[in-house]
Amino acid sequence: MGALDELSALSVELENQAIKDWKAQGKKVVGFFCSYMPEEILYAADVLPYRVAAPGCTSTTSADVYLTHLNCSFVRSCLEYAFEGKYDFLDGLAFTNSCDDIRRMSDILRTVDPKRLPLVGFLDVPKKVDDAGIAWFRDQMVQFKADVEKAFGVKITDTKLKKAIEVYNETRSLLKQLYQLRKADKPPITGAETMKVLLAATTMPKDQYNVLLKKLIKELKGRKLSTGYRARIMISGGGGCDDPNYFDLMEEQGALVVTDTDCFGTRYFWEPVQIVEDDLILGLAKSYLGKPSCARMMDKLDERLDFMKQMVKDFKVDGIIFQTLVNCQVWGGQLLAFNDQMKKAGIPFLTLDREYALTGTGQLKTRVQAFLERIER
Amino acid sequence: MEEDKIRLFELLGDGFGEVRDNENLMPEIRMGMGLLSDIYRKAQAASDRGDPVAWISFGVPPEIFHAMDIVPLCDAMFCVICSLPGVVDKYIDLATEHVPGYICSTNKIPMGLALSGDVPIPTVWVAQNAPCDSILGVDSSAASYFGIPYYGIHVPYVNSPSGYKYTAEDLKRLVVWLEEQTGRKMNFDKLHEVMVQSNKAHDLLMKLREMGTRVPSPYTRFESAPNYPLATQLIGTPEFVEYLGMSLQRAQDRVDGKLPYIVDEEKLRIAWIYAMPGYNPELIGDYMRDEYGAVSLTYMLNNMVVEPTEDISDYDKIMLALGKKVANMPMTRECRGPWENYGDSSVSIVKDYKADGAIFAGHIACKSNWAAAKLVKDRIWEELGVPTLNLELDFIDARVTPGEDVQNRLIDFLEVVKRNKENKAKKAKTLPGKTSTETKKP
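Chains as they are written, first to last, in this note's numbering: chain A, 1 to 377; chain B, 1001 to 1442.
Simulated from the structure, these hints should not be mistaken for laboratory data. It is possible that some hints are incorrect.
[To be verified] Here are the computed lysine-lysine pairs in the DSS-like style, where the Cα-Cα straight-line distance is at most 25 angstroms:
hint: 1; chain 1: A; residue 1: K286; chain 2: B; residue 2: K1374
hint: 2; chain 1: B; residue 1: K1374; chain 2: B; residue 2: K1165
hint: 3; chain 1: A; residue 1: K286; chain 2: B; residue 2: K1165
hint: 4; chain 1: B; residue 1: K1377; chain 2: B; residue 2: K1317
hint: 5; chain 1: B; residue 1: K1351; chain 2: B; residue 2: K1172
hint: 6; chain 1: B; residue 1: K1267; chain 2: B; residue 2: K1317
hint: 7; chain 1: A; residue 1: K20; chain 2: A; residue 2: K221
hint: 8; chain 1: A; residue 1: K150; chain 2: A; residue 2: K162
hint: 9; chain 1: A; residue 1: K23; chain 2: A; residue 2: K163
hint: 10; chain 1: A; residue 1: K27; chain 2: A; residue 2: K186
hint: 11; chain 1: A; residue 1: K115; chain 2: B; residue 2: K1377
hint: 12; chain 1: A; residue 1: K150; chain 2: A; residue 2: K160
hint: 13; chain 1: B; residue 1: K1354; chain 2: A; residue 2: K86
hint: 14; chain 1: B; residue 1: K1317; chain 2: B; residue 2: K1354
hint: 15; chain 1: B; residue 1: K1374; chain 2: A; residue 2: K115
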């Protein structure tokens, strides 16, 4: 089996084989929801960080006792799966105040069913990036580290933390290498395939992942896609875009997704974590706040726009598909500036509001087709 | 043509000015609306002169701006234009051409106003990260689009001394930034005087809250209608203190039998634990009073429980006090942080005001509040035996849930409240040792 197949297989099930193997060793798994979670702290505690998703969730009946149609369907889906016990293989959850819906999911779970998925820790990630914010986040991480140590009866030494950062930085470097391959006129991997590779990164031990990723990069160097494409697309926008079928649908219309500015993609791995020898947590705080930002960062709009424009240039992107989940106000609210700036930069820009589950595919296809007709080479 | 251009702030000034001149209305309402009139007239005049005007979001302390001679306009309070019939839709719809429909209308209105050209673009825009994501998403984006210098204040997730200090330091950086952007300087003596007025206002607001909890209530949602729009913009000024002082005196006059109560015989006491619809007041408030003898006591935005600052003797202490205040103003206090903040606040409102029923008039864009609504409702019932209505609406845009629909939901709910109150009374008679929470959950 090739590395792509191996990684793809790991991205399919909630509790994949890598997690089963990990737990068989008596080790713990903690779920989280956001790319601002400093996974290295968990990993250094020999706890597997697991980014929670709810693939295939089509009904949110139980979740909607507490949430409503006014809330984000990603969060409703995750809450539904939590209530259904589908995350019972997790030993707890760690939260950040990523957005209004995610923080409330934390509230609901710890209030309604606190024993099922114990809250390991909660990080207050600042919503602006300056020296004071970095110091604040550092203090939050110090507390989080203590919470993890207490929850699992372990000691996170500097040696372990530094090793975890190095392992994670290797992942970041390898993913960047993978993305470099996508800059080619004929990239060796589709957007849907890349999404599966990225999903595996969030649900398995990074040292094992790195081995498979190295193998994949080697294999891809001799690979050619059998089909051409009408236009090179970048996916931008908010979270919850973790369904490879969504990418498949776009690529079936003739798009080729060559890069992204998503939190499962480049915003997750684009910049390495600085190793500050005498204060590793400070390095984590600086790096996590300094990475390409989510729209929750109120003072980083210009940098977000610059990053998008740079990616368009570097990956020879013909157009951006900007997807947001319905009810995501942080990303939806940015559209006035995004549309304006992309128009001024001459970058075709399609906005798609969508639900977490892949629904309304007919309309989605029509809109993507129309966009491709406008921009195709 | 320039002469055809709408000058909305002048229209607002005229509209609220007419209320001030209406001798059929209560003095509290007349004076409050008169102050609102002055706010918008002053903002227009400052813009015409080229003086600095700041748009500020919920909870950003106006005291700083008053001390620096910068006119603060709370952007969310532009929603008061919904009191001008047929005006608000234009601005919401204009913004919705650029951002999705689910974005909060209180954020869409400033965007729509700026897009329309009907109001002058502000000199600066200052937002904070609370109470919600919509502010994060919209304000920076709109500021960028219009080329307005923008500053964001971060208020930490939970209240703590270190968090207050963190926000205080951010406010100091805001002052430096404002000096750079506007050329206006912070003057400590002026700031001190503003804080004296701010303290007086908070002291009066606490007294008015206490007054409002009496049975019957001499200070209800009706008399206090202008408070929140005024507090978000005028706190720190003597005119706001004068208005509150007059309101307190009139509430005392009701207690002393010199003035009539709004509801002579209170049959049902209702607390609104979030917003109230800003439209169709006659369908909602008047109907409740006339048909059910129900009094709307207060609402969450008016629940001002910020203690006056004890020590305003130096700059650091004032900024620390403002840092603490930012975190404890209505909306920022309830909607930010863990849901218990909202639960505590709601329980305290219902309990202190001795309410028979609570209404969560959930603004559709308030995702975090809707995600806490069930938890809050259950807690109010479990702790106080008081039923809560969760009602979905846009408190500005009547097209979402028209006044008639709101009224129908209220009728059903008030019947429930009435029955619950009767059941409690019966049980109290037959089972004197039992607590009220043992009644059947509606």
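Against the structure, the hints come out as follows:
This hinted pair does not check out: K286/A and K1374/B have alpha carbons roughly 38 angstroms apart, beyond 25 angstroms. Between K1374/B and K1165/B the alpha-carbon distance is near 33 angstroms, which puts this suggested pair outside the 25 angstroms criterion. For the proposed pair K286/A and K1165/B, the alpha carbon gap of about 21 angstroms is at most 25 angstroms, so the pair holds. The hinted pair formed by K1377/B and K1317/B fails the criterion: a straight-line CA distance of about 38 angstroms is larger than 25 angstroms.
Proposed proximity of K1351/B and K1172/B is contradicted: the alpha carbons are some 38 angstroms apart, above 25 angstroms. About 46 angstroms separates the Cα atoms of K1267/B and K1317/B, which puts this hinted pair outside 25 angstroms; it is violated. Only pairs whose Cα atoms come within 25 angstroms are accepted, and K20/A paired with K221/A is rejected, the gap being roughly 31 angstroms. A threshold of 25 angstroms between alpha carbons decides the hint, and for K150/A with K162/A the separation of about 20 angstroms falls inside it, so the pair holds.
Proposed proximity of K23/A and K163/A is supported: the alpha carbons are some 21 angstroms apart, at most 25 angstroms. Only pairs whose Cα atoms come within 25 angstroms are accepted, and K27/A paired with K186/A is rejected, the gap being roughly 42 angstroms. For the given pair, K115/A sits about 22 angstroms from K1377/B by alpha-carbon distance, which is consistent with the 25 angstroms threshold. Simply put, K150/A and K160/A have alpha-carbon atoms about 16 angstroms apart, close enough for the 25 angstroms limit, and the pair holds.
For the proposed pair K1354/B and K86/A, the alpha carbon gap of about 43 angstroms is over 25 angstroms, so the pair is violated. Of the pairs offered as hints, the one joining K1317/B and K1354/B is violated, with about 36 angstroms between alpha carbons and a cut-off of 25 angstroms exceeded. Note on K1374/B and K115/A: the hinted pairing holds, with a Cα-Cα distance of about 20 angstroms set against a maximum of 25 angstroms.
In this structure, the hints that do not hold are numbers 1, 2, 4, 5, 6, 7, 10, 13, 14, in rising order.
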